[in-house]
Amino acid sequence: MNVEIRVQDTPLDAVAEIAPVYAGQASIGGVVSFIGLMRDMNQGDAVSTMKLEHYPGMTEKALAAIVDEAASRWDLAGVRLVHRVGEIRPQDPIVLVCVASAHRGEAFRACEFIIDYLKTRAPFWKREQTAEGKTRWVDSRGSDEAAAAAWEDSK
Amino acid sequence: MNVEIRVQDTPLDAVAEIAPVYAGQASIGGVVSFIGLMRDMNQGDAVSTMKLEHYPGMTEKALAAIVDEAASRWDLAGVRLVHRVGEIRPQDPIVLVCVASAHRGEAFRACEFIIDYLKTRAPFWKREQTAEGKTRWVDSRGSDEAAAAAWEDSK
Amino acid sequence: MIRVLYFASLRERLSCSDETLEAVPATVTDLRAQLAGRGGIWHEVFADGQRVLAAVNQEMAGAGQALQDGDEVGFFPPVTGG
Amino acid sequence: MIRVLYFASLRERLSCSDETLEAVPATVTDLRAQLAGRGGIWHEVFADGQRVLAAVNQEMAGAGQALQDGDEVGFFPPVTGG
Numbered sequence: 000m001n002v003e004i005r006v007q008d009t010p011l012d013a014v015a016e017i018a019p020v021y022a023g024q025a026s027i028g029g030v031v032s033f034i035g036l037m038r039d040m041n042q043g044d045a046v047s048t049m050k051l052e053h054y055p056g057m058t059e060k061a062l063a064a065i066v067d068e069a070a071s072r073w074d075l076a077g078v079r080l081v082h083r084v085g086e087i088r089p090q091d092p093i094v095l096v097c098v099a100s101a102h103r104g105e106a107f108r109a110c111e112f113i114i115d116y117l118k119t120r121a122p123f124w125k126r127e128q129t130a131e132g133k134t135r136w137v138d139s140r141g142s143d144e145a146a147a148a149a150w151e152d153s154k
Numbered sequence: 000m001n002v003e004i005r006v007q008d009t010p011l012d013a014v015a016e017i018a019p020v021y022a023g024q025a026s027i028g029g030v031v032s033f034i035g036l037m038r039d040m041n042q043g044d045a046v047s048t049m050k051l052e053h054y055p056g057m058t059e060k061a062l063a064a065i066v067d068e069a070a071s072r073w074d075l076a077g078v079r080l081v082h083r084v085g086e087i088r089p090q091d092p093i094v095l096v097c098v099a100s101a102h103r104g105e106a107f108r109a110c111e112f113i114i115d116y117l118k119t120r121a122p123f124w125k126r127e128q129t130a131e132g133k134t135r136w137v138d139s140r141g142s143d144e145a146a147a148a149a150w151e152d153s154k
Numbered sequence: 000m001i002r003v004l005y006f007a008s009l010r011e012r013l014s015c016s017d018e019t020l021e022a023v024p025a026t027v028t029d030l031r032a033q034l035a036g037r038g039g040i041w042h043e044v045f046a047d048g049q050r051v052l053a054a055v056n057q058e059m060a061g062a063g064q065a066l067q068d069g070d071e072v073g074f075f076p077p078v079t080g081g
Numbered sequence: 000m001i002r003v004l005y006f007a008s009l010r011e012r013l014s015c016s017d018e019t020l021e022a023v024p025a026t027v028t029d030l031r032a033q034l035a036g037r038g039g040i041w042h043e044v045f046a047d048g049q050r051v052l053a054a055v056n057q058e059m060a061g062a063g064q065a066l067q068d069g070d071e072v073g074f075f076p077p078v079t080g081g
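Residue numbers (numbering that gives the first Met the number 0), protein chains in the order written: chain R, 0 to 154; chain X, 0 to 154; chain V, 0 to 81; chain B, 0 to 81.
Same shape as in the complex, but just chain R:
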């Protein structure tokens, strides 16, 4: 399996990360991609910028472990996982998850699994600045915990 995992503080050209996952491999029938984007609203407030902090060293291990777990559950031909850190603005891509497989069902399952696990297990933290100039750490969401827990049950 062809795997690439990156954490970068430069802009993420999410769409450009997809074709390399399947190019030149004629056994791949389905490619599922998830692009997570920064929204301009959170919890009812307009947000102007966000800073993404992480735990260097642990982040890379955590992402590799999530991809390994996906590869153990489904038959995958390629995975690419790229996550932004640093300063970002609304509409900027935050994360790209791209999974290629011979069959589409496995690619859909694995792609959603990876983003669900990343949301609860990879050490990234968002601090947002509202349009009024207030700075605050983003709260974790119960819906993300529930999404990750559902994969545990389906194991």
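Everything labelled a hint here was simulated from the structure, so no lab data went into it. Small disclaimer: the values here were computed from a predicted structure and weren't measured. Where hints are given, some of them may not hold.
[Unchecked claim] Simulated restraints, written as ranges between beta carbons of each label pair: (1) X/K154 with R/R5: 48 to 54 angstroms; (2) V/E58 with R/E131: 51 to 57 angstroms; (3) R/W150 with X/K154: 51 to 57 angstroms; (4) R/Q7 with B/T19: 40 to 46 angstroms; (5) X/S26 with V/M0: 49 to 55 angstroms; (6) X/N1 with B/T19: 35 to 41 angstroms; (7) X/R72 with R/N1: 30 to 36 angstroms.
[Stated by the list, open to error] Reference excerpt, derived from the structure (chain B facing chain R, CB under 7 angstroms, subset only): (8) A7; (9) S8; (10) T19; (11) A54; (12) G73; (13) V78; (14) T79; (15) G81.
[As the list claims (entries may be wrong)] Pairs of lysine to any residue residues, derived as SDA-like cross-links and limited to a Cα-Cα distance of at most 20 angstroms, are as follows: (16) X/K133 with X/S47; (17) R/K50 with X/S47; (18) R/K60 with B/Q57; (19) X/K50 with V/L66; (20) R/K60 with B/L52; (21) X/K50 with R/A25; (22) R/K50 with R/P89; (23) X/K133 with V/R10; (24) R/K60 with B/V55; (25) X/K60 with V/E21; (26) X/K50 with R/S26; (27) X/K50 with V/Q64; (28) R/K133 with B/A60; (29) R/K50 with R/G132; (30) R/K50 with B/E11; (31) R/K60 with B/R12; (32) R/K60 with B/E58; (33) X/K60 with V/N56; (34) X/K50 with V/R12; (35) X/K60 with V/Q64; (36) X/K60 with V/R2; (37) X/K60 with V/Q57; (38) R/K60 with B/C15; (39) X/K50 with V/A60; (40) R/K60 with R/M0.
For each residue, glycine too, the CB sits at the ideal point set by N, CA and C.
Model the placement of chains X, V and B on the given structure of chain R, informed by the hints.
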């Protein structure tokens, strides 16, 4: 909701179809894309080319109905659905389904729903030429029927 | 009058892409029976019609769907796109 | 000796990004208790530790995980990436 549906006999630049679905819309948090590619093997035989035939007029109606059904089930911000017809070769993209939503779960559900329904309800037919020069119509698959039927049950 | 179209492997097996029928059968089921009555490959295709899908005016149709003057009926095998 | 790192809102609340402790607590639970014992904001953060996650040597750790000399322990709030 921003919808674009196309059937084209020219090459499909699948990756280039994704960014327009979310560009300029800061309320979109998640974009899920499916790219279906022609494989070089089918039912144990090497395949050199394929011809995709469709039912002009009905195709467009069927695709629009599938997208409408997805939009009635989930809260979507944008959908793009592009399907190739005509002569294609291994590794060529056959179909692109891209769904944008405020939340990722809805985008994942809707994207998979659209491709599952397309596989059983949109009037496209594949005729492949094997490496040995034999021409044959591709058989429909029970696994595709089952995938579409599962959405009926979950309605 | 109705228009009848045949697609993909059906078009090839029947050596016919489309035709116009002056009489309007009451239902898709009646039309299938009429086509099967031609015998030969037509009987083979339509007498056991379960793998031949039908659309009326470009929408998927159940076997018993009623037909009206001017309708377009398409017959085709299970689809294989995507 | 162990290295202890604090991230995100924890780093800000504690005004501390990292420190080195000479003594090695037996477990993560013991380390939490020791930090809470500093009082003030440390007590507030670690006495009710359920929303403070811990990693040992950069892997998620259960509360009772044993510690050894040279370990790196990270404390942080629930993650919010993706």
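Among the hints numbered above, which are violated by the structure, and what are their numbers in rising order? Hints 1, 3, 4, 6, 10, 17, 19, 25, 27, 28, 31, 38 and 39 contradicted; others consistent.
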